[in-house]
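Peer 1: The whole structure should be built from the sequences, with the hints applied where relevant.
Numbering (my numbering), first residue to last: -9 to 85.
To be clear, the hints were calculated from the coordinates, so they are not data collected in a lab.
Cβ atoms here follow ideal geometry from the backbone N, Cα and C, with glycine treated the same way.
Quick list of the computed label-pair ranges, beta carbon to beta carbon:
id, residue 1, residue 2, range
1, Thr61, Asn6, 17 to 23 Å
2, His10, Arg52, 15 to 21 Å
3, Glu(-3), Gly37, 24 to 30 Å
4, Asp0, Glu76, 19 to 25 Å
5, Ser64, Gly42, 27 to 33 Å
6, Asp19, Gln39, 30 to 36 Å
7, Gly20, Asp0, 15 to 21 Å
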Amino acid sequence: MAAQQLEIDDTTLFDNLDDHQLEFDGEVDGDAYQFAVQYSVLEALSGSQPDGDAEESFRRYRDPIVQAALTALSKGPDRPIIVISENDLDQDARA
-9 MAAQQLEIDD TTLFDNLDDH QLEFDGEVDG DAYQFAVQYS VLEALSGSQP DGDAEESFRR
51 YRDPIVQAAL TALSKGPDRP IIVISENDLD QDARA
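Peer 2: As structure tokens, this is what we get:
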């Protein structure tokens, strides 16, 4: 079985300041999903809290975020939005 791949639609990136997360749409194995990566994930990867640069941090740490998104998706693909938390990060990816 081939490993799952996440195709992110970069045009859907939305910095949700109120909920402290960056939201985006993606496709895995032909199925569309909505994702939200918590700021705490970006902080764990970069070592600093996003301050108006969440999209830049997302782009810089895209690969570990994609892996974390697939982990989060595997925990419950039927949720309306797949929230990516620090628990979904590979231990090696953390700063």
